Amino acid sequence: MVNILIQYRGLFVRPKEKVSKKFDVVIIGAGAVGLTASINLAQAGFSVGLIERGTLNDMMPDVLEDGHTTALMSGSLKPLREIGALSLIEKFTQPMDVLRIMSEKDGQLIPADFKASELGKKSFGLNVPQTPLRAALTQRATKTEGLEIFEQACVTHFTAGDPDAVIEIEQGGKIFSVSAKLVIAADGRRSSMRDMVEIEIDERIYGQKALTFMVEHTKPHENISTEIHKKGGPLTFVPLPNNCSAVVWVHLEDEADNLLKLKKQELEAKLQDQSNGILGRLSVKTSVRAWPLSSLKAKTLHAPRLVLIGETAHAFSPVGAQGLNLSLRDVEVLTSTLLKAAKLGQDIGGSVILESYAKSRRLDMEGRFYGVDFLNKLIRRDSPLEKDMRGLGLDVVSNISPLKHYLMREGMSPQIDKEAI
32 MVNILIQYRG LFVRPKEKVS KKFDVVIIGA GAVGLTASIN LAQAGFSVGL IERGTLNDMM
92 PDVLEDGHTT ALMSGSLKPL REIGALSLIE KFTQPMDVLR IMSEKDGQLI PADFKASELG
152 KKSFGLNVPQ TPLRAALTQR ATKTEGLEIF EQACVTHFTA GDPDAVIEIE QGGKIFSVSA
212 KLVIAADGRR SSMRDMVEIE IDERIYGQKA LTFMVEHTKP HENISTEIHK KGGPLTFVPL
272 PNNCSAVVWV HLEDEADNLL KLKKQELEAK LQDQSNGILG RLSVKTSVRA WPLSSLKAKT
332 LHAPRLVLIG ETAHAFSPVG AQGLNLSLRD VEVLTSTLLK AAKLGQDIGG SVILESYAKS
392 RRLDMEGRFY GVDFLNKLIR RDSPLEKDMR GLGLDVVSNI SPLKHYLMRE GMSPQIDKEA
452 I
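First residue of the sequence shown: 32, per our numbering; consecutive thereafter.
Calculated directly from the structure, the hints in this document are not laboratory data. Since the structure is predicted, the reported quantities are computational estimates derived from the model, not experimental observations. Honestly, I wouldn't trust all of these hints.
[Claimed, not checked] Below, computed lysine-lysine pairings styled on DSS-like, alpha-carbon distance capped at 25 Å:
| hint | residue 1 | residue 2 |
| --- | --- | --- |
| 1 | 374 | 109 |
| 2 | 316 | 122 |
| 3 | 250 | 146 |
| 4 | 371 | 390 |
| 5 | 146 | 261 |
| 6 | 146 | 109 |
| 7 | 53 | 374 |
| 8 | 174 | 109 |
| 9 | 316 | 295 |
| 10 | 109 | 390 |
| 11 | 146 | 122 |
| 12 | 122 | 109 |
| 13 | 53 | 205 |
| 14 | 52 | 109 |
| 15 | 122 | 250 |
| 16 | 262 | 295 |
| 17 | 205 | 261 |
| 18 | 261 | 316 |
| 19 | 53 | 152 |
| 20 | 301 | 371 |
| 21 | 301 | 262 |
| 22 | 174 | 152 |
| 23 | 250 | 316 |
| 24 | 295 | 52 |
| 25 | 316 | 301 |
| 26 | 52 | 301 |
| 27 | 295 | 250 |
| 28 | 374 | 390 |
| 29 | 205 | 250 |
| 30 | 390 | 53 |
| 31 | 294 | 330 |
| 32 | 294 | 316 |
[To be verified] Quick list of the computed label-pair ranges, beta carbon to beta carbon:
| hint | residue 1 | residue 2 | range |
| --- | --- | --- | --- |
| 33 | 182 | 53 | 15 to 23 Å |
| 34 | 284 | 179 | 38 to 46 Å |
| 35 | 296 | 142 | 26 to 34 Å |
Where a beta carbon is used, it is the ideal one built from N, C-alpha and C, also for glycine.
Required output: the full structure, derived from the provided sequences and hints.
This is the structure in structure tokens:
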């Protein structure tokens, strides 16, 4: 038995003998990934406990109040569609029919277009705002049978045993214990659960920040997501309804901090200049938020009776739009793995099952981690030679149809996931 002690309010505490509730699965963290996983698993027939440190909000906004969105590829939308969350937020989402990358070559910005129609598809996926998505998932979670939610609750102790793990929880000043065959840690990139079981991470700090906000523009975006490679990082416009786009503007930290100090009109003027007028006149419609950029991956995806998913397992800079796409693939593969194990009468929290899941996700996770790290460093480089090399690379990809189509298919629905599922 793995017996892990943690210090709590200056004392070393042990789990109580009496377990108040028993579940098949307990999930720690009710972000988009934890909510999606809990609903999927409960609908699949597992009894699920969901533990959230904060308070869930199921109030759907009338209008978008921030520019924090995620470009979700078609292969990543399946878990959201299956649990009925996607239909609740359709009015806030916008298809992405074309992915356009603009890079300098011979002193000029050269576009390379990747069109979903070349694959016989209408779009690559949807741009999904985070606030409505979280509200929709919360609405679905509160109505899902077999799912019990513990809000304003935190895990104070974890013990992995056989056949169950025991979790000690503090909620409202009371301490109680629950047990589960499997604990899923989905509590984010600064995961306390990951620290509790002493899983190490490989982290890359980039010295950059991403500014996110929403703009309205006078020219239609035509469902084109545009990424412009700039000194210090990319400037990306991702389409939204009503002639609006979400902006992700990556800069070195000092320059990002300077942009945050600008008045609205000054920021619009800077953005107008850097966008080369591709969307006409721009008007900033929301507050501007800043996100320090780093990437990380856990060195292992599991410990006895515990598995990591989402940003607890891997987190990325926004270059390449990999974050939530990868996390939702975690949910889909883990759900499939646990269902197969349960049907065969296997222990869903056993080491054989957890290692099988980890093996099926390792190539996807590590490939994206190193790929995003490489792209981020490549885009930041600003010598004339490196700019020309980026432009040449885009030319090569754009003009070799089999390579171009392979990369587009992998972006929409990676082959590794089809093999795993």
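Tested hints:
no. : hint                  : in the structure
1   : 374 / 109             : holds (22 Å)
2   : 316 / 122             : holds (18 Å)
3   : 250 / 146             : holds (20 Å)
4   : 371 / 390             : holds (16 Å)
5   : 146 / 261             : holds (23 Å)
6   : 146 / 109             : holds (21 Å)
7   : 53 / 374              : holds (20 Å)
8   : 174 / 109             : holds (20 Å)
9   : 316 / 295             : holds (9 Å)
10  : 109 / 390             : holds (22 Å)
11  : 146 / 122             : holds (23 Å)
12  : 122 / 109             : holds (18 Å)
13  : 53 / 205              : holds (18 Å)
14  : 52 / 109              : violated (31 Å)
15  : 122 / 250             : holds (20 Å)
16  : 262 / 295             : holds (22 Å)
17  : 205 / 261             : violated (52 Å)
18  : 261 / 316             : holds (23 Å)
19  : 53 / 152              : violated (45 Å)
20  : 301 / 371             : violated (54 Å)
21  : 301 / 262             : holds (14 Å)
22  : 174 / 152             : violated (34 Å)
23  : 250 / 316             : holds (16 Å)
24  : 295 / 52              : violated (52 Å)
25  : 316 / 301             : holds (15 Å)
26  : 52 / 301              : violated (56 Å)
27  : 295 / 250             : holds (20 Å)
28  : 374 / 390             : holds (20 Å)
29  : 205 / 250             : violated (56 Å)
30  : 390 / 53              : violated (28 Å)
31  : 294 / 330             : violated (43 Å)
32  : 294 / 316             : holds (13 Å)
33  : 182 / 53: 15 to 23 Å  : holds (20 Å)
34  : 284 / 179: 38 to 46 Å : holds (42 Å)
35  : 296 / 142: 26 to 34 Å : holds (29 Å)
The structure is inconsistent with the numbered hints 14, 17, 19, 20, 22, 24, 26, 29, 30, 31, although it conforms to all the rest.
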